[in-house]
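Number of protein chains: 2
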Amino acid sequence: MKIAIDVMGGDLGAVATISGIYRYALENDCSGIFFELFGNEKIITSRITDLGRSTAFSYGIHDTADNVVLGSEKPTHALKNSRGTSMFEAVSHVANGKSDAVISSGNTGAYMALSKMLIGTIEGIDRPAIVSVFPNLNGKTIMLDLGANTDCSSTKLIQFAFMGQAVAKVLLRLNNPRIGLLNIGTERSKGTSSLEEAYNFLEKSNNVNFIGFVEGTDITSGAVDIIVTDGFSGNVALKSMEGTLRYIVNFLKDGFRSSAFSKVGYFLCKKIFGSLTNTIDPMRNNGAPFVGLKKISIKSHGNSDGIGFATAISVAVRLARSEFIKNIEEMISKADEKDSNESKSC
Amino acid sequence: MKIAIDVMGGDLGAVATISGIYRYALENDCSGIFFELFGNEKIITSRITDLGRSTAFSYGIHDTADNVVLGSEKPTHALKNSRGTSMFEAVSHVANGKSDAVISSGNTGAYMALSKMLIGTIEGIDRPAIVSVFPNLNGKTIMLDLGANTDCSSTKLIQFAFMGQAVAKVLLRLNNPRIGLLNIGTERSKGTSSLEEAYNFLEKSNNVNFIGFVEGTDITSGAVDIIVTDGFSGNVALKSMEGTLRYIVNFLKDGFRSSAFSKVGYFLCKKIFGSLTNTIDPMRNNGAPFVGLKKISIKSHGNSDGIGFATAISVAVRLARSEFIKNIEEMISKADEKDSNESKSC
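Line by line, the protein sequences give chains W and C.
Following numbering that gives the first Met the number 0, the numbering of the first sequence begins with 0 at its first residue and continues without gaps.
Following numbering that gives the first Met the number 0, the numbering of the second sequence begins with 0 at its first residue and continues without gaps.
Do not rely on the hints blindly, as some may be mistaken.
Since copy identity is lost for identical chains, a pair holds within one copy or between any two.
Said to hold, decoys possible - DSS-like, lysine-lysine: derived pairs with alpha carbons at most 30 Å apart:
#, residue 1, residue 2
1, K139, K252
2, K270, K252
3, K41, K325
4, K189, K270
5, K270, K41
6, K189, K73
7, K262, K203
8, K79, K189
9, K293, K269
10, K262, K139
11, K139, K73
12, K41, K73
13, K97, K1
14, K41, K97
15, K262, K293
16, K252, K269
Keep in mind that the hints were calculated from the coordinates and are not lab data.
As the structure is a computational prediction, the values presented were derived from the model and not from experiment.
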């Protein structure tokens with residue numbers, strides 16, 4: 000298996016990505032994996048020299064010199080001008096069938112646009128969805144879309160439900176995940192016409208375990224395994240949750256510093272806070288697949304560190320080892336039954 | 000000043016509402032306030048007898064016997080069949096100019112529908128917006144709409160910005176609040192056409208302090224005082240945040256119970272957790288005005304306790320003491336300049 004890595008992407012560039020590979024190799028058997036590294040050869044070599052050869056992994060370097068896609072670059076600009084950059088070449092490697100998956104922590108819009116243009120989407124899919132995993136009170140929940148598809152027809156929402164099911168199979172190891180549609184109330188009369196149409200289809204489908212409308216509280220309640228929503232609401236939910244977490248952590252930190260008692264108290268509870276951070280830290284849930292492409296493309300957080308990047312590698316490897324793309328194609332053809340059923344009823 | 004109260008509304012009914020009045024009276028000067036209590040007279044009298052006359056407040060009881068709007072009732076049903084209920088009569092009292100504000104913890108959809116039908120909306124407003132206050136790292140943020148207007152044209156978003164400004168004047172005591180439009184990125188090219196149009200208008204307006212697009216993280220970051228969004232995204236954000244808070248609190252509680260060390264640690268930090276709860280507890284930020292009505296109508300959380308209801312009373316009193324409705328009318332006429340400007344440019 001070959002994993003193409005945009006070494007230069009993200010706020011920390013090679014520091015995070017190379018550390019991430021080391022970390023992944025330390026915790027996993029890498030005997031069947033070859034890392035295709037795209038970036039500045041000097042920087043990559045120097046980083047590997049720094050870290051030493053304490054852990055074993057195989058790799059090849061594709062020197063892209065100082066050519067990178069900048070974080071501020073517009074996707075349309077990147078589409079025309081990014082040939083030769085670490086991101087473009089890494090995505091091309093997968094698109095050309097030379098690697099099995101690609102990972103980048105770089106500019107999300109540009110990476111999405113390049114993945115779409117170079118790899119292409121599965122038939123019936125207009126634009127891939129961004130999928131991520133959230134911790135909940137009993138386990139984990141998958142949510143999609145998180146920002147690629149701002150406005151969603153019922154057909155797109157139905158596709159997301161089926162695609163989410165294929166992701167849950169690999170990442171949550173669930174064969175019959177419970178699927179909910181995000182709405183502003185659980186009553187059937189609530190929401191937009193797209194939601195109503197998607198509800199009507201999913202309710203009748205024998206291919207999904209649809210539980211109905213769910214609300215924002217259910218992202219972390221554990222009442223559902225997959226939450227389907229349009230990219231606007233999904234992104235707002237994701238970022239509202241990040242903000243809340245940041246707010247609470249800051250509030251508690253200030254509090255712990257406020258007296259000798261609370262400093263001692265913090266010391267005694269430290270382990271709990273550590274485990275909270277481990278569980279909800281976006282880095283520990285890093286690696287958001289772009290689902291609906293013909294190959295595996297994984298987006299890692301822009302501010303990802305080595306731990307985060309190792310998690311993204313693990314997502315890429317698990318998807319590449321499974322029959323993920325085949326499953327997605329099958330799922331999409333089931334979702335497409337919507338249109339054929341509709342034609343029949345006309 | 001007269002405040003009409005739907006005593007029977009909410010999960011706890013009279014237990015919470017009457018306790019809320021006592022609590023409010025304990026902490027505030029009630030000499031100028033008369034509470035008009037709508038509900039079952041026997042229950043109200045018995046609850047007041049239980050609590051004693053330790054605190055002073057003036058009130059009158061309007062007996063509505065056992066007639067209530069149920070939590071499960073559809074708004075359309077309530078519109079036709081709720082005459083004689085505690086909610087209907089309380090809203091009517093304000094609509095008829097006999098009270099200055101109304102508060103209910105009852106069925107949100109029914110209360111919104113009755114408020115709209117009986118009180119009516121300010122000219123130019125189609126449907127009121129639900130406004131709430133959120134704590135942020137430096138103070139408080141107001142967000143609207145939280146669920147009444149699922150789909151929003153640019154005109155509505157612009158109205159929300161102006162209405163939010165009038166609310167911030169009273170509830171946050173800010174004369175020139177920073178206003179942001181909720182989007183999935185801060186770049187100008189992001190988002191829907193409604194957002195783009197609202198951006199173009201607000202950017203040029205001399206009547207608002209518009210800072211541009213903001214993201215979900217900014218609800219709690221303190222970078223902005225008012226967040227304007229459609230009711231769907233606002234509701235998703237609100238509930239995602241509630242869910243995250245619940246998740247973190249549950250996680251920490253389980254952790255604190257896990258060992259003798261952490262139990263002691265919790266004891267030493269207890270004050271900090273208490274103050275976190277006080278700050279972010281929805282009850283402490285209870286009382287969501289329906290803005291855009293001709294009179295003041297305040298929605299209290301369905302599961303509100305006495306503390307929460309007292310907060311909702313305080314919101315009602317502060318709005319009723321200010322020139323809130325007049326300010327909103329002025330603001331709406333400024334927002335309407337959008338349409339006249341547009342006509343001019345045609």
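Structure-based check of all given hints:
With identical chains, the CA atoms of K139 and K252 are at most 30 Å apart both within one copy (27 Å) and between copies (19 Å). With identical chains, the CA atoms of K270 and K252 are at most 30 Å apart both within one copy (15 Å) and between copies (13 Å). Within a single copy, K41 and K325 get their C-alpha atoms no closer than 38 Å, and across copies no closer than 67 Å, so neither meets the 30 Å cut-off. When the C-alpha separation of K189 and K270 is checked against a cutoff of 30 Å, the pair qualifies neither within a copy, at 43 Å, nor between copies, at 41 Å.
When the C-alpha separation of K270 and K41 is checked against a cutoff of 30 Å, the pair qualifies neither within a copy, at 40 Å, nor between copies, at 53 Å. In the homo-oligomer, the alpha carbons of K189 and K73 lie at most 30 Å apart only across protomers (11 Å), although the nearest pairing inside one protomer, at 37 Å, exceeds that limit. Taking the shortest alpha-carbon separations for K262 and K203, neither the intra-copy value of 56 Å nor the inter-copy value of 50 Å comes in at or below 30 Å. For the homomeric pair K79 and K189, the shortest alpha-carbon distance between copies (20 Å) is at most 30 Å, but the shortest distance inside one copy (43 Å) is not.
For a Cα distance limit of 30 Å, the shortest separation of K293 from K269 qualifies neither inside one copy, at 45 Å, nor across copies, at 53 Å. Taking identical chains as interchangeable, the C-alpha atoms of K262 and K139 lie at most 30 Å apart only when they sit on different chains, with a minimum of 27 Å there against 32 Å within one chain. Neither within a single protomer nor between protomers do K139 and K73 lie at most 30 Å apart by alpha-carbon distance, with minima of 33 Å and 34 Å respectively. Only within a single protomer do K41 and K73 lie at most 30 Å apart by alpha-carbon distance; the minimum there is 28 Å, versus 67 Å between protomers.
Taking the shortest alpha-carbon separations for K97 and K1, only the intra-copy value of 8 Å comes in at or below 30 Å, while the best inter-copy value is 76 Å. For a Cα distance limit of 30 Å, the shortest separation of K41 from K97 inside one copy, 23 Å, qualifies, whereas the shortest one across copies, 80 Å, does not. Taking the shortest Cα distances, K262 and K293 never come within 30 Å of each other, neither inside one copy (52 Å) nor across copies (52 Å). In this assembly of identical chains, the alpha carbons of K252 and K269 lie at most 30 Å apart whether taken from the same copy (11 Å) or from different copies (14 Å).
In this structure, the earlier hints numbered 3, 4, 5, 7, 9, 11 and 15 are contradicted, and the remaining ones agree with it.
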